[in-house]
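Colleague: These are the residues of each chain, in order.
There are 2 protein chains.
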Amino acid sequence: MRADFAQWAAAHQSGFEEVLRGVLPQPEIAPQRLHQAMRYAVLDGGKRVRPLLAFAAGELTGADVARVSIVAAAVELVHAYSLVHDDMPCMDDDVLRRGKPTCHVQYDEATALLTGDSLQTLAFQLVAEHPLCDEPLQQLEMIKLLAVATGSRGMAGGQAIDLASVGKSLSLPELENMHIHKTGALIRAAVLLGAQCGSVSPAQLACLDHFGKCVGLAFQVVDDVLDAEADTATLGKTAGKDADNDKPTYVTLLGIPAARDMARNLHQEAMGTLTEFGEAAQRLRELADFIVLRKF
Amino acid sequence: MRADFAQWAAAHQSGFEEVLRGVLPQPEIAPQRLHQAMRYAVLDGGKRVRPLLAFAAGELTGADVARVSIVAAAVELVHAYSLVHDDMPCMDDDVLRRGKPTCHVQYDEATALLTGDSLQTLAFQLVAEHPLCDEPLQQLEMIKLLAVATGSRGMAGGQAIDLASVGKSLSLPELENMHIHKTGALIRAAVLLGAQCGSVSPAQLACLDHFGKCVGLAFQVVDDVLDAEADTATLGKTAGKDADNDKPTYVTLLGIPAARDMARNLHQEAMGTLTEFGEAAQRLRELADFIVLRKF
Chain V
-17 MRADFAQWAA AHQSGFEEVL RGVLPQPEIA PQRLHQAMRY AVLDGGKRVR PLLAFAAGEL
43 TGADVARVSI VAAAVELVHA YSLVHDDMPC MDDDVLRRGK PTCHVQYDEA TALLTGDSLQ
103 TLAFQLVAEH PLCDEPLQQL EMIKLLAVAT GSRGMAGGQA IDLASVGKSL SLPELENMHI
163 HKTGALIRAA VLLGAQCGSV SPAQLACLDH FGKCVGLAFQ VVDDVLDAEA DTATLGKTAG
223 KDADNDKPTY VTLLGIPAAR DMARNLHQEA MGTLTEFGEA AQRLRELADF IVLRKF
Chain R
-17 MRADFAQWAA AHQSGFEEVL RGVLPQPEIA PQRLHQAMRY AVLDGGKRVR PLLAFAAGEL
43 TGADVARVSI VAAAVELVHA YSLVHDDMPC MDDDVLRRGK PTCHVQYDEA TALLTGDSLQ
103 TLAFQLVAEH PLCDEPLQQL EMIKLLAVAT GSRGMAGGQA IDLASVGKSL SLPELENMHI
163 HKTGALIRAA VLLGAQCGSV SPAQLACLDH FGKCVGLAFQ VVDDVLDAEA DTATLGKTAG
223 KDADNDKPTY VTLLGIPAAR DMARNLHQEA MGTLTEFGEA AQRLRELADF IVLRKF
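Protein sequences, first through last, are from chains V and R.
Per my numbering, residue -17 is the first one in the first sequence, and the count goes up by one each step.
Per my numbering, residue -17 is the first one in the second sequence, and the count goes up by one each step.
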């Protein structure tokens, strides 16, 4: 990792944390317990990979950082909502997330349910109430893009496919289809929304969409490898959970060496989509490196 | 009830059901189980009070019915999402809704969780992808209005206050504060969004906002009276549930006669807000009658 990339990422992570602190309801505002739980579920946690992708894509298209901060926050709130609900007893029943007790453990199940619900709503409030681009009609398109990536034909749909796959043997295309929805949709949305805060052509957007797809899938493959290899302390969440739950993963399907190869191939494919952008896409390249090579 | 109001309501209810069938994901599209559960939770049920309020407010402001249908659908999807989540074991743990098994009973808890999540997302997708008014900037305001009414300082916040109130003795203002959020926020949103699809002045919007507030509160008071009086078959959901759950209601706080008086007073106050609209507000008046007088 180049030193200036580490600085860039740290500066954006730190600035973004302030943005999140500002857009989340303050903890002393009623209903306090819900607002505290929302902040608990979002703040001080995670690598903020999706926001960093949005910032890098926004830099590529000359976008205003304040505008990109809002789409990055919206995407991260959707991600956080999905984690809170995914960790609940009726889903993955997990007790540890980002090194802390999960929301329903720290608070209670009913509060966790409302916390996830309210984080999703806040995401859409943010993208409606702040200017994201110069054309309101384009902003409506951006809100639609976020909704499609989030809903039953995006992230939530991927979770439904995941539920249906427990105990089944999926083919590689079926596993890919699940992840393209479950994690890929929101990662693509982060890249595209960040870019759309600036000036970008449809052809460029198509390249960035392909980039997001490759990186999103690589992200999941790497996660599966890490989940199979790492211990709980390093991961910040319960390790080996997927295999225990009899969920198909790239590791159970391919084994660790072939899963690593797949991640490397996706990384190369992602790099190929950025050729036409030249030096301007350097941050996106560095992020792809970061996502795929982080622990290998 | 005037015959032509009954016809008007029946025609809108029937046409609206077709709108919902069209905007919900088709049951054969993957992930099928999730899409089927979304349709199960929304279709063939309920009086569609919020959509009728939107249609009546839209008629008052000369709005295009197709546009009002979209905001009515969005509001109804938010309402349906809240019912699905509210019925889950970690919340009210109810098994019967609109005369049918609740979503988590008919499917499973994980599917119900994703169903509520996806219905909320679809609501925001609808208001972003369809034109609701002539000015995109105003449409962004409308999306924000829906989000604020839905989120932690609206409906979901009211549910959080409700959770915190179990086993406590609330004062009348505290109970009112809970309901203004829990049911009132979305009912007000239905009226305001329906009106904003047409041409409406800020002063008129303020009157309609007050109308929505009174009707929303009256709706809850009547619900409490019905819950205390009716049997399960008539109500289509488990009767006497609130008292069983040791939840404060207008009936436990005031008794049935005073609760009825309160509903009648709110009805009068609602009527007063419509004076300046004259005959054009007839449907809204009839709806207020319908909501408050339905079972008395």
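Hints in this document: simulated from the structure, not taken from any laboratory.
Computed from a predicted structure; not experimentally measured.
Where is the CB? At the ideal position from N, CA and C, for every residue including glycine.
Among the clues, some could well be false.
Pairwise CB distance ranges (calculated) [claimed, not checked]:
| id | chain 1 | residue 1 | chain 2 | residue 2 | range |
| --- | --- | --- | --- | --- | --- |
| 1 | V | Ser147 | R | Asp46 | 40 to 50 angstroms |
| 2 | V | Glu111 | R | Gly27 | 26 to 36 angstroms |
| 3 | R | Asp46 | V | Glu123 | 28 to 38 angstroms |
| 4 | V | Val77 | R | Ser153 | 36 to 46 angstroms |
| 5 | V | Asp191 | R | Glu111 | 53 to 63 angstroms |
| 6 | R | Thr257 | V | Val77 | 53 to 63 angstroms |
| 7 | R | Leu187 | V | Glu123 | 46 to 56 angstroms |
| 8 | V | Ile238 | R | Glu111 | 41 to 51 angstroms |
Calculated cross-link-like contacts (lysine to aspartate or glutamate; reagent style DMTMM-like; alpha-carbon spacing at most 25 angstroms) [said to hold, decoys possible]:
| id | chain 1 | residue 1 | chain 2 | residue 2 |
| --- | --- | --- | --- | --- |
| 9 | V | Lys195 | R | Glu(-1) |
| 10 | R | Lys126 | V | Asp90 |
| 11 | V | Lys126 | R | Asp90 |
| 12 | R | Lys150 | V | Glu10 |
| 13 | V | Lys150 | R | Asp46 |
| 14 | R | Lys195 | V | Asp90 |
| 15 | R | Lys82 | V | Glu10 |
| 16 | V | Lys126 | R | Asp46 |
| 17 | V | Lys82 | V | Glu261 |
| 18 | V | Lys150 | R | Glu91 |
| 19 | R | Lys126 | V | Glu123 |
| 20 | V | Lys126 | R | Glu261 |
| 21 | R | Lys126 | V | Glu0 |
| 22 | R | Lys126 | V | Asp205 |
| 23 | R | Lys150 | R | Glu123 |
| 24 | R | Lys150 | V | Asp26 |
| 25 | R | Lys150 | V | Asp116 |
Colleague: Any hints from earlier that this structure breaks? Give me their numbers in increasing order, please.
Modeller: Violated hints: 3, 5, 7, 9, 10, 11, 13, 14, 15, 17, 20, 22, 23, 24, 25; rest satisfied.
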